[in-house]
Amino acid sequence: MTLVPRDLERWQNPNWRTRLAAWWEGYDLSRVPRQSPRSSSRSSFDRRPNFRPVNAVGGAGGLPVAGPTSPLPAALAVEAAAEAPAPETGNPELDRLSLMQLDRHGEPVWSPARSEGAQLLWGEDLTGPGDSQWMVDSVRPFGLNAAKSVLDLSAGLGGAARALVNTCDTWVTGLEPSPLLAKLAMDRSKALGVSKKAPITHYDPEHFNQAGSFDLVMADRVMHRVRDKEAFLDRIGDCVKPKGGILMFDYVIDGTPGSWDNWNTWREEEPMEVYPWTGTRLADELTQRNLDLRISEDLTQLHRRQIIERVRKLGETLKNCAPTGPVLRALARELNLWWSRLSVLGNGLRFCRYVAIKPG
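Each residue of the sequence shown is one higher than the one before, starting from 1 at the first, in the UniProt record's numbering.
Derived from the structure by calculation, the hints contain no laboratory data. Fair warning: this is a prediction, and the values are worked out from it, not measured in the lab. Every residue gets a Cβ at the ideal spot worked out from N, C-alpha and C, and that includes glycine. A hint or two may mislead.
With a cut-off of at most 27 Å between alpha-carbon atoms, the simulated DSS-like pairs for lysine-lysine come out as follows [stated by the list, open to error]:
1) Lys148 to Lys196
2) Lys197 to Lys241
3) Lys241 to Lys196
4) Lys243 to Lys148
5) Lys183 to Lys148
6) Lys229 to Lys183
7) Lys197 to Lys148
8) Lys229 to Lys243
9) Lys197 to Lys183
10) Lys197 to Lys243
11) Lys241 to Lys229
12) Lys148 to Lys241
13) Lys183 to Lys196
14) Lys148 to Lys190
15) Lys243 to Lys196
Derived DEER-like restraints, expressed as beta-carbon distance ranges [to be verified]:
16) Glu316 to Asn91: 28 to 38 Å
17) Ala231 to Arg294: 20 to 30 Å
18) Arg294 to Glu107: 35 to 45 Å
19) Thr287 to Gly90: 49 to 59 Å
20) Asn91 to Thr287: 42 to 52 Å
21) Asp103 to Thr324: 16 to 26 Å
22) Val136 to Asp238: 23 to 33 Å
Make a model of the complete structure from these sequences and hints.
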(Lines of atoms letter the chains of each structure in order from A and count residues from 1; the text may use other names and numbers.)
(Lines give C-alpha, C1' and ligand atoms only; values in the text may rest on other atoms or scores of the structure.)
Protein backbone atom coordinates (compact mmCIF):
# COMPACT_ATOMS: atom_id res chain seq x y z
CA MET A 1 0.00 0.00 0.00
CA THR A 2 1.48 3.36 -1.06
CA LEU A 3 0.52 6.54 0.71
CA VAL A 4 1.26 10.06 -0.45
CA PRO A 5 2.66 12.36 2.27
CA ARG A 6 -0.67 14.12 2.75
CA ASP A 7 -2.48 10.80 3.36
CA LEU A 8 0.29 9.63 5.66
CA GLU A 9 0.00 12.74 7.78
CA ARG A 10 -3.74 12.14 8.03
CA TRP A 11 -3.16 8.68 9.52
CA GLN A 12 -0.26 9.77 11.73
CA ASN A 13 -2.04 12.77 13.23
CA PRO A 14 -5.69 11.66 13.15
CA ASN A 15 -8.61 13.68 14.38
CA TRP A 16 -11.70 11.93 15.70
CA ARG A 17 -13.29 11.63 12.24
CA THR A 18 -10.15 9.92 10.93
CA ARG A 19 -10.07 7.55 13.91
CA LEU A 20 -13.67 6.58 13.21
CA ALA A 21 -12.95 6.02 9.52
CA ALA A 22 -9.88 3.92 10.34
CA TRP A 23 -11.83 1.80 12.78
CA TRP A 24 -14.52 1.17 10.19
CA GLU A 25 -12.04 0.36 7.41
CA GLY A 26 -10.23 -2.05 9.73
CA TYR A 27 -6.89 -0.25 10.14
CA ASP A 28 -4.81 -0.36 13.30
CA LEU A 29 -3.56 3.20 13.79
CA SER A 30 -1.50 2.11 16.78
CA ARG A 31 0.95 0.59 14.27
CA VAL A 32 1.59 3.99 12.67
CA PRO A 33 4.31 5.98 14.50
CA ARG A 34 3.36 9.53 15.44
CA GLN A 35 5.46 12.35 14.10
CA SER A 36 5.66 16.07 14.51
CA PRO A 37 4.69 18.27 11.55
CA ARG A 38 8.39 19.03 10.99
CA SER A 39 9.36 15.39 10.65
CA SER A 40 9.93 13.84 7.30
CA SER A 41 6.79 12.02 6.22
CA ARG A 42 8.67 9.68 3.92
CA SER A 43 11.25 8.61 6.49
CA SER A 44 8.55 7.94 9.06
CA PHE A 45 6.63 5.88 6.53
CA ASP A 46 9.69 3.78 5.86
CA ARG A 47 10.03 3.04 9.55
CA ARG A 48 6.39 2.19 10.16
CA PRO A 49 5.87 -1.35 11.50
CA ASN A 50 3.47 -3.32 9.30
CA PHE A 51 0.61 -0.88 8.66
CA ARG A 52 -2.20 -3.07 7.36
CA PRO A 53 -5.91 -3.85 7.80
CA VAL A 54 -6.45 -5.82 10.98
CA ASN A 55 -8.08 -9.18 10.50
CA ALA A 56 -10.94 -7.87 8.34
CA VAL A 57 -13.85 -10.25 8.10
CA GLY A 58 -16.89 -10.29 5.85
CA GLY A 59 -20.16 -9.06 7.28
CA ALA A 60 -23.71 -9.70 6.23
CA GLY A 61 -24.40 -9.19 2.55
CA GLY A 62 -20.69 -9.06 1.80
CA LEU A 63 -20.21 -5.78 3.68
CA PRO A 64 -16.77 -5.40 5.27
CA VAL A 65 -16.59 -5.33 9.03
CA ALA A 66 -13.44 -4.56 10.99
CA GLY A 67 -12.10 -7.68 12.66
CA PRO A 68 -12.47 -8.49 16.34
CA THR A 69 -8.91 -7.43 17.05
CA SER A 70 -9.49 -3.87 15.86
CA PRO A 71 -8.33 -1.59 18.70
CA LEU A 72 -10.05 1.61 17.59
CA PRO A 73 -13.25 1.32 19.62
CA ALA A 74 -11.26 0.53 22.75
CA ALA A 75 -8.74 3.26 21.96
CA LEU A 76 -11.51 5.81 21.57
CA ALA A 77 -13.03 4.75 24.87
CA VAL A 78 -9.69 4.92 26.69
CA GLU A 79 -8.94 8.32 25.21
CA ALA A 80 -12.38 9.54 26.23
CA ALA A 81 -11.97 8.24 29.76
CA ALA A 82 -8.66 10.07 30.07
CA GLU A 83 -10.30 13.40 29.34
CA ALA A 84 -11.88 15.59 32.00
CA PRO A 85 -15.19 14.28 33.36
CA ALA A 86 -18.21 15.43 31.42
CA PRO A 87 -19.90 18.43 33.05
CA GLU A 88 -23.42 18.09 34.36
CA THR A 89 -26.17 18.97 31.90
CA GLY A 90 -27.38 21.93 33.93
CA ASN A 91 -30.73 20.16 34.23
CA PRO A 92 -30.94 18.66 37.74
CA GLU A 93 -33.91 16.47 36.78
CA LEU A 94 -32.07 14.82 33.87
CA ASP A 95 -28.94 14.36 35.97
CA ARG A 96 -31.01 12.73 38.71
CA LEU A 97 -32.72 10.38 36.26
CA SER A 98 -29.38 9.42 34.73
CA LEU A 99 -28.12 8.30 38.12
CA MET A 100 -31.17 6.13 38.80
CA GLN A 101 -29.86 3.39 36.50
CA LEU A 102 -26.16 2.59 36.75
CA ASP A 103 -24.14 0.02 34.88
CA ARG A 104 -21.81 -2.55 36.41
CA HIS A 105 -19.05 0.09 36.58
CA GLY A 106 -21.16 2.63 38.43
CA GLU A 107 -21.73 4.83 35.37
CA PRO A 108 -25.17 5.88 34.09
CA VAL A 109 -26.52 3.39 31.58
CA TRP A 110 -28.10 6.29 29.71
CA SER A 111 -27.16 9.95 29.89
CA PRO A 112 -28.35 12.92 27.83
CA ALA A 113 -25.04 12.76 25.95
CA ARG A 114 -25.50 9.07 25.14
CA SER A 115 -29.05 9.69 23.91
CA GLU A 116 -27.65 12.33 21.54
CA GLY A 117 -24.82 10.06 20.43
CA ALA A 118 -27.24 7.19 19.82
CA GLN A 119 -29.41 9.41 17.63
CA LEU A 120 -26.38 10.45 15.59
CA LEU A 121 -25.81 6.77 14.90
CA TRP A 122 -29.36 5.44 14.53
CA GLY A 123 -31.48 8.44 13.62
CA GLU A 124 -33.76 10.92 15.33
CA ASP A 125 -35.69 9.49 18.29
CA LEU A 126 -34.00 6.10 17.90
CA THR A 127 -31.65 4.20 20.21
CA GLY A 128 -30.93 1.11 18.12
CA PRO A 129 -31.02 -0.40 14.63
CA GLY A 130 -34.27 -0.69 12.71
CA ASP A 131 -35.92 2.64 11.93
CA SER A 132 -39.50 3.58 12.75
CA GLN A 133 -40.76 2.64 9.29
CA TRP A 134 -39.32 -0.85 9.74
CA MET A 135 -41.33 -1.25 12.93
CA VAL A 136 -44.47 0.08 11.24
CA ASP A 137 -44.03 -2.51 8.48
CA SER A 138 -43.49 -5.23 11.11
CA VAL A 139 -46.89 -4.60 12.75
CA ARG A 140 -48.99 -4.32 9.56
CA PRO A 141 -50.25 -7.93 9.81
CA PHE A 142 -51.94 -7.05 13.12
CA GLY A 143 -54.32 -4.61 11.41
CA LEU A 144 -53.90 -1.74 13.85
CA ASN A 145 -56.41 1.10 13.71
CA ALA A 146 -58.00 3.79 15.87
CA ALA A 147 -60.02 1.17 17.78
CA LYS A 148 -56.98 -0.86 18.81
CA SER A 149 -54.25 -0.40 21.41
CA VAL A 150 -50.59 -1.33 21.65
CA LEU A 151 -48.25 -1.89 24.60
CA ASP A 152 -44.61 -1.15 23.71
CA LEU A 153 -42.23 -2.65 26.30
CA SER A 154 -39.13 -1.14 24.67
CA ALA A 155 -40.18 2.44 23.97
CA GLY A 156 -36.71 4.01 24.02
CA LEU A 157 -37.08 7.63 22.91
CA GLY A 158 -40.54 6.88 21.56
CA GLY A 159 -39.75 7.01 17.84
CA ALA A 160 -41.53 3.75 17.01
CA ALA A 161 -44.52 4.48 19.26
CA ARG A 162 -45.17 7.86 17.65
CA ALA A 163 -44.70 6.38 14.18
CA LEU A 164 -47.45 3.83 14.92
CA VAL A 165 -49.74 6.58 16.17
CA ASN A 166 -49.15 8.72 13.08
CA THR A 167 -49.36 5.85 10.58
CA CYS A 168 -52.03 3.58 12.07
CA ASP A 169 -53.97 6.13 14.15
CA THR A 170 -53.73 3.65 17.00
CA TRP A 171 -53.12 4.13 20.73
CA VAL A 172 -49.69 3.17 22.08
CA THR A 173 -48.70 2.87 25.73
CA GLY A 174 -44.92 3.03 25.88
CA LEU A 175 -42.88 1.58 28.73
CA GLU A 176 -39.12 2.10 28.96
CA PRO A 177 -36.60 0.55 31.42
CA SER A 178 -34.44 3.71 31.46
CA PRO A 179 -35.89 6.51 33.63
CA LEU A 180 -33.98 9.08 31.59
CA LEU A 181 -35.12 7.82 28.18
CA ALA A 182 -38.70 7.60 29.43
CA LYS A 183 -38.58 11.25 30.49
CA LEU A 184 -37.01 12.41 27.21
CA ALA A 185 -39.51 10.33 25.23
CA MET A 186 -42.52 11.71 27.07
CA ASP A 187 -41.26 15.27 26.65
CA ARG A 188 -40.96 14.61 22.93
CA SER A 189 -44.52 13.19 22.75
CA LYS A 190 -45.81 16.31 24.53
CA ALA A 191 -43.91 18.60 22.17
CA LEU A 192 -45.42 16.80 19.16
CA GLY A 193 -48.93 16.86 20.60
CA VAL A 194 -49.33 13.09 20.97
CA SER A 195 -48.87 12.70 24.72
CA LYS A 196 -52.33 11.11 25.07
CA LYS A 197 -51.97 8.66 22.20
CA ALA A 198 -48.28 7.89 22.81
CA PRO A 199 -47.56 8.32 26.55
CA ILE A 200 -44.25 6.86 27.70
CA THR A 201 -43.30 6.05 31.28
CA HIS A 202 -40.58 4.20 33.14
CA TYR A 203 -40.97 0.60 34.34
CA ASP A 204 -38.88 -2.21 35.77
CA PRO A 205 -39.13 -5.37 33.61
CA GLU A 206 -38.21 -7.49 36.63
CA HIS A 207 -41.36 -6.24 38.39
CA PHE A 208 -43.62 -5.83 35.38
CA ASN A 209 -47.24 -5.38 36.48
CA GLN A 210 -49.00 -3.37 33.78
CA ALA A 211 -52.75 -3.04 34.13
CA GLY A 212 -55.11 -3.22 31.18
CA SER A 213 -55.30 -5.36 28.07
CA PHE A 214 -54.00 -4.63 24.58
CA ASP A 215 -54.47 -5.81 21.02
CA LEU A 216 -50.71 -6.03 20.54
CA VAL A 217 -47.76 -6.26 22.92
CA MET A 218 -44.33 -5.44 21.46
CA ALA A 219 -40.93 -6.13 23.01
CA ASP A 220 -37.73 -5.34 21.12
CA ARG A 221 -34.52 -6.70 22.70
CA VAL A 222 -35.91 -6.78 26.24
CA MET A 223 -36.20 -10.46 27.17
CA HIS A 224 -32.46 -11.26 27.14
CA ARG A 225 -31.97 -8.64 29.88
CA VAL A 226 -34.69 -9.98 32.18
CA ARG A 227 -33.63 -12.47 34.81
CA ASP A 228 -37.11 -13.78 35.70
CA LYS A 229 -38.30 -14.43 32.15
CA GLU A 230 -41.07 -16.82 33.18
CA ALA A 231 -42.83 -14.14 35.25
CA PHE A 232 -42.25 -11.57 32.51
CA LEU A 233 -43.91 -13.81 29.91
CA ASP A 234 -46.79 -14.54 32.29
CA ARG A 235 -47.53 -10.84 32.61
CA ILE A 236 -47.26 -10.30 28.85
CA GLY A 237 -49.83 -13.05 28.35
CA ASP A 238 -52.11 -11.38 30.89
CA CYS A 239 -51.88 -8.08 29.00
CA VAL A 240 -52.94 -9.45 25.62
CA LYS A 241 -56.61 -9.47 24.68
CA PRO A 242 -58.15 -12.67 23.30
CA LYS A 243 -57.16 -12.87 19.62
CA GLY A 244 -54.52 -10.24 20.35
CA GLY A 245 -50.90 -10.58 19.30
CA ILE A 246 -47.37 -10.61 20.69
CA LEU A 247 -44.43 -9.37 18.63
CA MET A 248 -40.97 -9.99 20.07
CA PHE A 249 -37.49 -9.35 18.72
CA ASP A 250 -34.64 -10.64 20.81
CA TYR A 251 -31.17 -12.14 21.09
CA VAL A 252 -31.02 -15.89 21.67
CA ILE A 253 -28.18 -18.36 22.11
CA ASP A 254 -27.31 -20.43 19.06
CA GLY A 255 -25.01 -23.36 19.84
CA THR A 256 -21.41 -22.85 20.95
CA PRO A 257 -19.83 -19.41 20.45
CA GLY A 258 -17.41 -19.17 17.53
CA SER A 259 -14.99 -17.43 19.90
CA TRP A 260 -15.24 -17.52 23.68
CA ASP A 261 -13.05 -14.40 23.85
CA ASN A 262 -15.56 -12.46 21.72
CA TRP A 263 -18.45 -13.94 23.70
CA ASN A 264 -16.98 -12.92 27.06
CA THR A 265 -16.03 -9.49 25.71
CA TRP A 266 -19.61 -8.98 24.60
CA ARG A 267 -20.97 -10.00 28.01
CA GLU A 268 -18.57 -7.61 29.74
CA GLU A 269 -19.26 -4.74 27.32
CA GLU A 270 -23.02 -4.88 27.95
CA PRO A 271 -23.93 -2.17 30.50
CA MET A 272 -26.17 -4.58 32.41
CA GLU A 273 -26.11 -8.35 32.89
CA VAL A 274 -27.67 -10.38 30.10
CA TYR A 275 -29.46 -13.72 30.44
CA PRO A 276 -30.27 -14.98 26.93
CA TRP A 277 -32.24 -18.15 26.40
CA THR A 278 -31.87 -20.45 23.44
CA GLY A 279 -34.27 -19.81 20.58
CA THR A 280 -35.97 -23.14 21.21
CA ARG A 281 -36.48 -22.37 24.88
CA LEU A 282 -38.14 -19.02 24.14
CA ALA A 283 -40.42 -20.59 21.52
CA ASP A 284 -41.37 -23.41 23.92
CA GLU A 285 -42.14 -21.00 26.76
CA LEU A 286 -44.52 -19.02 24.53
CA THR A 287 -46.28 -22.22 23.48
CA GLN A 288 -46.56 -23.46 27.08
CA ARG A 289 -48.61 -20.34 27.87
CA ASN A 290 -51.30 -21.48 25.43
CA LEU A 291 -50.18 -18.94 22.85
CA ASP A 292 -50.37 -19.84 19.18
CA LEU A 293 -46.79 -19.34 17.97
CA ARG A 294 -47.16 -18.34 14.32
CA ILE A 295 -43.64 -17.22 13.47
CA SER A 296 -40.17 -18.02 14.81
CA GLU A 297 -37.75 -16.42 12.37
CA ASP A 298 -33.99 -15.83 12.34
CA LEU A 299 -33.28 -12.20 11.38
CA THR A 300 -29.60 -12.19 12.29
CA GLN A 301 -28.30 -11.23 8.85
CA LEU A 302 -30.88 -8.45 8.46
CA HIS A 303 -29.96 -7.14 11.91
CA ARG A 304 -26.27 -7.11 11.00
CA ARG A 305 -27.01 -5.20 7.80
CA GLN A 306 -29.07 -2.64 9.70
CA ILE A 307 -26.18 -2.02 12.10
CA ILE A 308 -23.51 -1.87 9.41
CA GLU A 309 -25.50 0.47 7.16
CA ARG A 310 -26.00 2.96 9.98
CA VAL A 311 -22.32 2.90 10.91
CA ARG A 312 -21.48 3.54 7.25
CA LYS A 313 -23.75 6.59 7.26
CA LEU A 314 -22.29 7.94 10.49
CA GLY A 315 -19.37 9.62 8.75
CA GLU A 316 -21.72 11.65 6.58
CA THR A 317 -23.86 12.54 9.59
CA LEU A 318 -20.83 13.85 11.49
CA LYS A 319 -19.85 16.09 8.58
CA ASN A 320 -23.01 18.11 9.11
CA CYS A 321 -22.76 18.61 12.86
CA ALA A 322 -20.25 19.41 15.55
CA PRO A 323 -20.90 17.14 18.55
CA THR A 324 -19.64 18.23 21.95
CA GLY A 325 -16.94 16.32 23.79
CA PRO A 326 -19.42 14.47 26.04
CA VAL A 327 -21.47 13.41 23.02
CA LEU A 328 -18.37 12.17 21.19
CA ARG A 329 -17.31 10.17 24.24
CA ALA A 330 -20.79 8.69 24.45
CA LEU A 331 -20.71 7.90 20.74
CA ALA A 332 -17.40 6.07 21.16
CA ARG A 333 -18.99 4.03 23.95
CA GLU A 334 -21.98 3.28 21.71
CA LEU A 335 -19.70 2.07 18.91
CA ASN A 336 -17.78 -0.12 21.35
CA LEU A 337 -20.99 -1.73 22.53
CA TRP A 338 -22.35 -2.44 19.07
CA TRP A 339 -18.99 -3.67 17.84
CA SER A 340 -18.96 -6.27 20.60
CA ARG A 341 -22.48 -7.34 19.63
CA LEU A 342 -21.52 -7.61 15.98
CA SER A 343 -18.62 -9.88 16.90
CA VAL A 344 -20.99 -12.52 18.31
CA LEU A 345 -24.03 -12.08 16.06
CA GLY A 346 -24.05 -15.16 13.87
CA ASN A 347 -21.28 -16.67 16.01
CA GLY A 348 -23.16 -17.97 19.02
CA LEU A 349 -25.89 -15.34 19.17
CA ARG A 350 -28.90 -14.90 16.91
CA PHE A 351 -31.48 -12.14 16.51
CA CYS A 352 -34.96 -13.62 16.13
CA ARG A 353 -38.56 -12.54 15.61
CA TYR A 354 -41.44 -14.26 17.38
CA VAL A 355 -45.10 -13.72 16.58
CA ALA A 356 -47.74 -15.32 18.79
CA ILE A 357 -51.53 -14.99 18.97
CA LYS A 358 -53.66 -15.43 22.08
CA PRO A 359 -56.62 -17.73 21.39
CA GLY A 360 -60.11 -16.21 21.54
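Taking the hints in turn, this is what the structure says about them:
no. : hint                         : in the structure
1   : Lys148 to Lys196             : holds, 14 Å
2   : Lys197 to Lys241             : holds, 19 Å
3   : Lys241 to Lys196             : holds, 21 Å
4   : Lys243 to Lys148             : holds, 12 Å
5   : Lys183 to Lys148             : holds, 25 Å
6   : Lys229 to Lys183             : holds, 26 Å
7   : Lys197 to Lys148             : holds, 11 Å
8   : Lys229 to Lys243             : holds, 23 Å
9   : Lys197 to Lys183             : holds, 16 Å
10  : Lys197 to Lys243             : holds, 22 Å
11  : Lys241 to Lys229             : holds, 20 Å
12  : Lys148 to Lys241             : holds, 10 Å
13  : Lys183 to Lys196             : holds, 15 Å
14  : Lys148 to Lys190             : holds, 21 Å
15  : Lys243 to Lys196             : holds, 25 Å
16  : Glu316 to Asn91: 28 to 38 Å  : holds, 30 Å
17  : Ala231 to Arg294: 20 to 30 Å : holds, 24 Å
18  : Arg294 to Glu107: 35 to 45 Å : holds, 40 Å
19  : Thr287 to Gly90: 49 to 59 Å  : holds, 51 Å
20  : Asn91 to Thr287: 42 to 52 Å  : holds, 46 Å
21  : Asp103 to Thr324: 16 to 26 Å : holds, 21 Å
22  : Val136 to Asp238: 23 to 33 Å : holds, 26 Å
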